[in-house]
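From just these sequences and the hints, can you work out the full model?
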Amino acid sequence: MSKIRPQDMGKPVEQVCQIENLMPLPAPYDKPGMEPDFKAPKDSWKENYCATLDGFVGNDTLTRPKTKEEQDEMVKKFLSGLEKLFNADTNRGMLQPFMLSFEYCAKCNTCADACHVFKSSGEAEIYRPIFRSEVLRKIYQKHKKGGSLVNRFLGGDIDINYETVMRLGELAYRCNLCRRCAQTCPLGLDNGLLAREIRKIFSMEMGIAPKPLHESGTMKQLATGSSTGITKDAFLDLIEFMEDDLYELTGKKYKVPVDKKGADILLVHNAGEYMAWPENPAAFTIIMEEAGLNWTLSSDMIGYDNVNYGLFYDDVQGKKIGAAQLKAAKDLGVRRIIQAECGHAHKASMVSQDRIAVGADNIPRESCLPLLEELVVKKKVFKLDPSRNNFPVTLHDPCNIVRMMGIVQPQRNVLKAIAPQFREMTPHGVNNYCCGGGSGFAIMNSFNFTDFRNKVSSRMKFKQILNAFQDTIEDENTPKYVCAPCSNCKGAIRDILEFYQATAKFNVHYGGLVELIVNAMVQFDKPFMEFLRDDEDMF
Amino acid sequence: MFLTLFTYLSIIAFFGLSLYKAAQFAKMPMHGRWELYPVPKEADDKRHYGGSFYEDVEYWNKPRQVSHVGEIVDMLKEMLFIKNLFVNQRRQWWICYAMHLGIYLLFLWAAMLFVGGIIEVSGTAVTATAGGIAGFVYYITLLSGAAGGILLAVGAIGMFFKRIFDETLNKYTNPNEFFNLFFLFAVAATGLVVWSGDIGFNYGREIMVSLLTFSPIQADFALTVHILLLGAVMIYIPQSKMSHYVGKYFSFHKVLWENTPNLRGSEMEKIVKESFNYQPKTKTSWSAPHINPGAAQSEK
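So the sequences go chain by chain: H and X. Oh and the first sequence: position 47 is 47 in this note's numbering, straight run, nothing missing. Oh and the second sequence: position 40 is 1040 in this note's numbering, straight run, nothing missing.
Certain hints may be false.
DSSO-like cross-link-like pairs, simulated, lysine-lysine; straight-line CA separation at most 30 Å [as the list claims (entries may be wrong)]:
#, chain 1, residue 1, chain 2, residue 2
1, X, K1254, H, K320
2, X, K1241, H, K107
3, H, K84, H, K220
4, H, K261, X, K1241
5, X, K1281, H, K76
6, H, K145, X, K1241
7, H, K3, H, K145
8, H, K145, X, K1283
9, H, K327, X, K1162
10, X, K1162, H, K145
Computed list of chain H residues with no C-beta within reach of chain X, every gap over 10 Å [to be verified]:
#, residue
11, E205
12, K327
13, Q523
14, K526
Read the hints as simulated data drawn from the structure, not as lab findings. Keep in mind the model is a prediction, meaning the values are calculated, not measured. Just so it is clear, CB atoms sit at the ideal spot from N, CA and C, and this is done for glycine as well.
Shown next as structure tokens:
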């Protein structure tokens, strides 16, 4: 299997790659039988989708063409999209970065050791960061220059058939776009960027993108206001429920400001939080209110969901959503937008969409993390008792916030102030590993793709978590907390803790940063976090 | 006279095509931000751990601190020492750096030959026994030429064989990439052959004198082959992937380290505003239904 080469992507084999030697996990997962096996792809999946790459199906709209005409059409459309990546009119926003990474790779292979997917899979060849990029280069070379001997000499030695195209469409979704590989490249090139450009061909030219990202993601968000499908009315109901829950938990009536014109701060959450982790927006509410900030939420179209999945696969969708979010803030007349704990929303709004508006349309966007640091550490606004958080806590660095935005210290400074047993993962900060849910994987649950996520792409993160808690991992009476200030990362970590039964067996929990802050507030009698409430003696 | 003209052509082609390539990248449209941390031009107290201005509350209300020194230091580390390869792939760095250091030294050697040529045209012989600047130039030429030639030859052929015998590298190396390395080796090897007959590189200064005075280059067979190969590689490099010295500048400075925010009233805002006036040069657009419903409809 290790003999596989980029040229083999179009070969008529049942499956190009089989994962055989997964990276070992540390104790207590170093014993046999501690993790479920892979689920084999069903025949119906093989028949209708692309299971011929590695046996996983992640792209659930990449359906197998049935006729020769459909096969030819798929190849034709792909090549047409490929050409558009090189066109200043159609790829204006990424032409230069794309061309640099496409043209100059020296194939030194330095990137491979940095890639958690490649290492976790036991170095399966197709996950080597340059494998995918090299397939793309070969296709382009062959397409532009033909199959002559000279062109084979120049790298155009690949069969361009629908199987090549389909496999590449799947392979584009075996990279978390964490860009750790690019940090190590001596030429500053970026295989993550190339993976995203391939996704763009499929989405923007062929209309093919995983449903959770496109149909149930950006399309739904543009139609209803949120990728969760939460409408304005449903959102207002959720806020009421949250106020009731807060009263029940704290004994204090908090009124969440919604659509407050001219507020200083528009706080925007990943709308998924209201449904999956309502304690997170609830904790934000307590913090904003107790700090006396002039803030508001928006119930306007797209104003209550900072999600922008366009970041993962489609420039046009990204821009549409980014513009709508800015409009919601402008209509409210707020001075600034604060992004709550959602990594990709941070990057989408502050970095990716930083070139789409000017003047009054360009509402300043900030991260919640420096604000939290200011309130907790610098201004000491709250009365906090760190001993309430006296259990092992480690921090996951969301790639979009840390590696791609350089927000490294604020969250650490907060944790050092409120969590006496805080310990770092290794490595951490800008060198940290992705949670394995990045670039949309956290919400892609089609077919057996969750196996790939839990056993491969999230494996390195799980290893880091286990290593961070090695001193108490097998002590089931000691709760352990993975602080992940990002919705997508929490989703991925939730799934690995469940998949490996780490919560049930070893008392490992996860959540955001604000929950820990509120948990330390002395004014509340009950612990804020649910997993602590049964054992109040620890206080 | 052919060799003189050919040498002029190769020098002009090397610099001209390299600049053309740089201009091609420079005139590409402003791209979306795609930075990656650590960004070395961040403020002194942040860049060592990869921090940025985004760590400050209301960063958009505060003066931006940019460390040009930090950027230059990191740039020099990468340019002169290939730092990322040294840190992340030490075993490969040795042979790769030997080749690159050889090239850097040969640039110095060429510059010293040029200076030596000027000195000789002005009437002073550049010899081992000459004093002052002429003697200094003689020895710098000797050291840089000898070390550069040997390092380039060893590095290029070393990388050639490494790519042959390392299964992974072999798999990803196209035939033309083997050719590139062998081409560099051939240039260095023929240079060493010529040098073995004239340790002081007097032939090199004679070539420079011919170029400076626009007179025919006198060359025996070995030197003729060397000049032809060297000239050919200089014409070839900017047109090949070996022109990554151009790409590297843009990859780091214009992509990974370019994190200037678009703030109200800033220079960047003016550039962004200007970009809104862009008029597409073609009628091409993406064809997916959610982008171009008309295109999708017409295909049905």
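Against the structure, the hints:
Straight-line distance between C-alpha atoms of K1254 (chain X) and K320 (chain H) comes to about 25 Å, which keeps the hinted pair within the 30 Å bound. Simply put, K1241 (chain X) and K107 (chain H) have alpha-carbon atoms about 11 Å apart, close enough for the 30 Å limit, and the pair holds. Between K84 (chain H) and K220 (chain H), the direct Cα distance comes to roughly 26 Å. Compliance with the 30 Å bound is thereby established for this hinted pair. Between K261 (chain H) and K1241 (chain X) the CA atoms are separated by roughly 56 Å; this puts the pair beyond 30 Å, and the hint is violated.
A C-alpha spacing of about 23 Å is found between K1281 (chain X) and K76 (chain H), which places the hinted pair at or below 30 Å, so the restraint holds. Of the pairs offered as hints, the one joining K145 (chain H) and K1241 (chain X) holds, with about 17 Å between alpha carbons and a cut-off of 30 Å not exceeded. For the hint pairing K3 (chain H) with K145 (chain H), the CA-to-CA distance comes to about 27 Å; that is within 30 Å, so the pair holds. Between K145 (chain H) and K1283 (chain X) the alpha-carbon distance is near 24 Å, which keeps this suggested pair within the 30 Å criterion.
Distance restraint check for K327 (chain H) and K1162 (chain X): the Cα-Cα separation of roughly 56 Å exceeds the 30 Å cut-off, and the hinted pair is therefore not satisfied. For a cut-off of 30 Å, the pair hint linking K1162 (chain X) to K145 (chain H) stands: about 29 Å separates their Cα positions. Some Cβ of chain X comes within 10 Å of the Cβ of E205 (chain H); the nearest lies about 5 Å off, and the non-interface call is violated. Listed as outside the interface, K327 (chain H) is consistent with that label: its C-beta sits roughly 16 Å from the nearest C-beta of chain X, beyond the 10 Å cut-off.
The beta carbon of Q523 (chain H) is kept farther than 10 Å from every beta carbon of chain X, the shortest such distance being approximately 24 Å. Taking the minimum C-beta to C-beta distance to chain X, about 31 Å, the non-interface status of K526 (chain H) holds against the 10 Å cut.
Going down the numbered hints, you'll see the structure goes against 4, 9 and 11, while the others check out.
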